[in-house]
Amino acid sequence: MNTAESQVKAVNKPAAKTKTKRKWKRWAIHLFPIPALAIYGLFIVYPILAAFTYSLFDWDGLVRGAFIGLENFQALFSLEPYKELFWNAFQHNIVYFTGQLIAQNGLAFILAFIIYKKIKGAEFFKIAFFMPRLLSIIVVGFLWKLILNPNFGALNVILGKFGLESLQKAWLGDPDTALTAIILVNSWFGLGFAVLIFLAGMQSIPHELIEAATLDGAKGWKMMSKIIIPLMMPAITIITVLTFIQSFEAFELVYAMQGSQGEPYHSTDTLAIYFYRLAFGGSSGGGSSAIGLGSALAVVLFLFISVFTAILLYFMRKKEVEM
Amino acid sequence: MKQNIWTRPLYYVIAFVVASISLYPIFLMIMSSFKPSNEIFMNPLSLPKSFSLEPYRNLLEQVPFMTYFYNSVVVSVTAVLLILICGSLAAFYIARYTFWWNNALFFFFLMGMMIPIKLGIVPLFILMKDLGLTNSLWSLIFIYTATGIPLSILILTGFFRTMPIELEEAARIDGATDLRILWNVLLPLMRPALGTVMIINFIQAWNDFFFPLIFISNEMKKTIPVGMLSLFGEYSADWGALFAGLTLSSLPMMILFFIASKQFMEGLTAGAIK
Amino acid sequence: MGKITKGWMIGFLAFILILTGCSSDAGSEEGGDSSNEGSGDTVTLQVGSWRTEDTAKYEKLFEAFNEKHPDIKLEFKPSKNTEYNTILNTELKSGEGPDILQLRPYAAGAELADAGYLEPIDDLNGLDTFPESSLMAAQGSDGTQYGVPLNMSTTQMFYNKKIFDELGLEEPQTYEEFIEINETLKKEGYTPLAMGTKEGWLMSLMHGIVGPSQYGANEFVEKIENGETNFVSDEFKASIEAMDELKAYFPDNYEGLGMEDIRTLFFTEKAAMFPLGSWEIEVLKEMNPDLQLDFFMMPSADGKEPTITTWVDGSYAINANSEHKEEAKKFLEWMTTEEFGQMFTEEFSMVSAVPGVQSDNQLVSDLAKAAEQNSTPYLILVHFAKGNPSTKATLETELQGMYLGEQTTEGVAEAVQKSAESYYEPFQK
Chain A
672 MNTAESQVKA VNKPAAKTKT KRKWKRWAIH LFPIPALAIY GLFIVYPILA AFTYSLFDWD
732 GLVRGAFIGL ENFQALFSLE PYKELFWNAF QHNIVYFTGQ LIAQNGLAFI LAFIIYKKIK
792 GAEFFKIAFF MPRLLSIIVV GFLWKLILNP NFGALNVILG KFGLESLQKA WLGDPDTALT
852 AIILVNSWFG LGFAVLIFLA GMQSIPHELI EAATLDGAKG WKMMSKIIIP LMMPAITIIT
912 VLTFIQSFEA FELVYAMQGS QGEPYHSTDT LAIYFYRLAF GGSSGGGSSA IGLGSALAVV
972 LFLFISVFTA ILLYFMRKKE VEM
Chain B
2 MKQNIWTRPL YYVIAFVVAS ISLYPIFLMI MSSFKPSNEI FMNPLSLPKS FSLEPYRNLL
62 EQVPFMTYFY NSVVVSVTAV LLILICGSLA AFYIARYTFW WNNALFFFFL MGMMIPIKLG
122 IVPLFILMKD LGLTNSLWSL IFIYTATGIP LSILILTGFF RTMPIELEEA ARIDGATDLR
182 ILWNVLLPLM RPALGTVMII NFIQAWNDFF FPLIFISNEM KKTIPVGMLS LFGEYSADWG
242 ALFAGLTLSS LPMMILFFIA SKQFMEGLTA GAIK
Chain C
949 MGKITKGWMI GFLAFILILT GCSSDAGSEE GGDSSNEGSG DTVTLQVGSW RTEDTAKYEK
1009 LFEAFNEKHP DIKLEFKPSK NTEYNTILNT ELKSGEGPDI LQLRPYAAGA ELADAGYLEP
1069 IDDLNGLDTF PESSLMAAQG SDGTQYGVPL NMSTTQMFYN KKIFDELGLE EPQTYEEFIE
1129 INETLKKEGY TPLAMGTKEG WLMSLMHGIV GPSQYGANEF VEKIENGETN FVSDEFKASI
1189 EAMDELKAYF PDNYEGLGME DIRTLFFTEK AAMFPLGSWE IEVLKEMNPD LQLDFFMMPS
1249 ADGKEPTITT WVDGSYAINA NSEHKEEAKK FLEWMTTEEF GQMFTEEFSM VSAVPGVQSD
1309 NQLVSDLAKA AEQNSTPYLI LVHFAKGNPS TKATLETELQ GMYLGEQTTE GVAEAVQKSA
1369 ESYYEPFQK
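Residue numbers (my numbering), protein chains in the order written: chain A, 672 to 994; chain B, 2 to 275; chain C, 949 to 1377.
Pulled out of the complex, with its shape left as it was, chain A reads as follows (with noise of 0.2 Å):
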């Protein structure tokens, strides 16, 4: 209580009245995450924790075998075909993460800062951008697979119009093509939140300081990296943040898209599909569940995911903090 007291920061004592209410509102202030707390860590907490010490145990099929310590972390890093698929898997995440960064998030970046300038329609562009958002994955994944066919897709029908027949492909269906074809959609699917985060952030810039800096003749790429990035870091840090997690944990568009197997000839194949095969045992005939090695694997892949956060997390505050 007395550190909690000592620690509290930038707030002025407020007059005194009398001692016990003081007392009673800071320590009102404590009761303002219990009820997220509550809830957080009943449903999803104490699931998951209870799901965690699965991994611990010989569990092929449906009932849980003997215990087998860390045998079960051992097979998944060393044995056929466990080991290949995960850093099969492990690098598809990657290129996921990397191509989410540049195509939704620096075009997300652009547009935000074109809706930022005030053209005109400004209002239908923000909506526009977000309507994918809107859209259930399945719909998403159907529509695409609509556009991306190569037979009658939208895409290499406009490609045969440009002439540019020799630019048609199985886009789903060719390895090579299929992992970007997916990265791209989700960068379609995503967009719209990203520039609504950047856009509120840009907002959220007092006026006076760009009045300010234009006084002082700041401006274009000066004004851009010395004013406005810099006091859009929370914004920067959190779209970066959920990227990362949300590319190590790609799941949903990839299996409505390319199955449970991440097809083609596992091209596709990401972390959380992996754990999802491995867990559930895929769909009809795909396998019989192995929930021992799927929850080693999903612990991994939130200790990866948890520590690279935390990394990130740490350096993008340092910068918040520097501005």
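A hint or two may mislead.
To be verified - List of simulated lysine-lysine pairs, DSS-like, C-alpha gap at most 25 Å:
# : chain 1 : residue 1 : chain 2 : residue 2
1 : A       : Lys-788   : B       : Lys-263
2 : B       : Lys-130   : C       : Lys-1028
3 : C       : Lys-1109  : C       : Lys-1135
To be verified - Footprint (simulated), chain B over chain C, 3 or more residues, beta carbon under 8 Å:
# : region
4 : 1017 to 1028
5 : 1216 to 1228
6 : 1231 to 1241
7 : 1245 to 1252
Claimed, not checked - Only part of the chain B face toward chain A is listed, based on derived beta-carbon distances under 7 Å:
#  : residue
8  : Pro-10
9  : Val-14
10 : Val-18
11 : Ala-20
12 : Ser-23
13 : Arg-58
14 : Cys-87
15 : Ile-150
Everything labelled a hint here was simulated from the structure, so no lab data went into it.
Being a predicted model, the structure only gives us computed values, none of them experimental.
Ideal placement from N, C-alpha and C gives every residue a C-beta, glycine not left out.
Given the structure of chain A, go ahead and fit chains B and C onto it with the hints provided.
Frame of chain A; chains B and C shown alone:
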């Protein structure tokens, strides 16, 4: 500020091209909803030969759409409200105070996003059963609230941090409680962020089909997406009715988004922060 | 501004309170109804299935059942097929789940049985109607019976009769003739085989048709069962090579085509043959009622009898945790009767697992006849849908790799063998 004369037109070109790509598939969805199933496959890209309302009629005959709709509204709206309340309280605490455990707390919440929640589905199902919540909309409300909290805290904490501290100092001198500061001073300024959180969680709750598949078996408690799934067969689907359903189920969100972007996201005018 | 937001919020809140108020009322009414007792002695059983498209058909079956047993009400509760296993397993692990449940065949069903989630029904009246080959689809690994087989699925080459007639083609009697037909069709500008390799299961299904013609059907299956041969044998490798050679007759861009695409090619009469399962009869009829559909059995490459590939696609079993096992057994008993089989075939246009049932659908009837005379099991599903990844999934993935030029035919055979060795006892000798 002097600008290149090409800058503005370039802005418009980029915005226009991206907007077209964004909207085209949605246009395709709406168009497909007026086609019978086999026409979707034979002429997937063309305009419907004749605008047929039959897919809609089929849909409404096959499934109790209004019941699904009602359930979806109840679940999404309640979950979003709980998320906004829980999320802003917790984010305020994390962003505005510097207790030594705050970073840990923040990270603890973030962890919720780093794990495939599907992993915990069996313990979760047993929990819901023990709480008597299976086949109740509350099971969905709670799970959506719980899964929505991490993202909301991430976003809201970031935005609380951008609020100048001077804003609340004046209020504190007047003896305002934290709750009052949060409600009267900060939240009104955070409308863009709140709007984003609201929309994003609403979409999540509205479109999710995994949890209702597991928790809900009573036909009268199903939400739209899981109801729509009954139109997907093992080897075939009534795509016409499906698109009609998806179009119908996307409409309320589009409307909500229009309202929200007017209400919440118009951006702060220069006078708002003083 | 602040005021507007607040007003909004309060309105929002009031709205929710009203809504949730209403919904919880509705909930309590509903809750009582969906649990087991209705009124008096009537019992309501829930029937779980992955066949969402069959709801209306099942209702008809249930009505017929109620004429005999008015006190047993049945409720059909299907869930999406791709998530069915996940949902069912979750429920069963938690001691819940429907009273009667549709069982995935072979290994997947045995897994549930071995875990003790199902009620043994060895003593069920009428089980002896089924041949052992059907019954084994719904047994535990110790041979105990847990399910009553519902339907036989077959996989075979469908063809468009109109195109065949137009080009003067006949059903092939030898494998060479089959290849000639493909050549002719190709020359005449048709896509010979409506086939795509984007979805793995299409390839194992096609291998189910083409494979037996190369490896020598039942003889080879017997040898596999006895551990006398394996998947790196010349016979099996020949079946993979045949799969590879047939790609010359696939449509353009076949690597990007899925089930919906190849079906469309076939019912729009751009493609002449369609290697798929018996369930397509119903779907194709709906998509193009004028399609002149027929099928042929795959002729053998080494002079044996042509074969049609069959397996039991689903069975019905009783949840060990059900409170109404006796009533559920009555339904399962009815499923073994010819009356049920007849009705099932007519309503579903599928081959009933009850032997000797006639269908008024000529094609279904022919299939059933062929299945009784010249059937060979769908080997990879019947014995090898085990492991993680399963041998079936391995075959699918590796064939996909082969079509993409990233795997050799040898490599496919080796991967399949390696996967099967880890659990298949005859291979471990």
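To see whether the hints hold, each was checked on the structure:
no., hint, in the structure
1, A:Lys-788 / B:Lys-263, "holds, 18 Å"
2, B:Lys-130 / C:Lys-1028, "holds, 22 Å"
3, C:Lys-1109 / C:Lys-1135, "holds, 18 Å"
4, 1017 to 1028, "holds (count 4)"
5, 1216 to 1228, "holds (count 4)"
6, 1231 to 1241, "holds (count 4)"
7, 1245 to 1252, "violated (count 0)"
8, Pro-10, "violated, 10 Å"
9, Val-14, "violated, 10 Å"
10, Val-18, "violated, 11 Å"
11, Ala-20, "holds, 4 Å"
12, Ser-23, "holds, 5 Å"
13, Arg-58, "violated, 21 Å"
14, Cys-87, "holds, 4 Å"
15, Ile-150, "holds, 5 Å"
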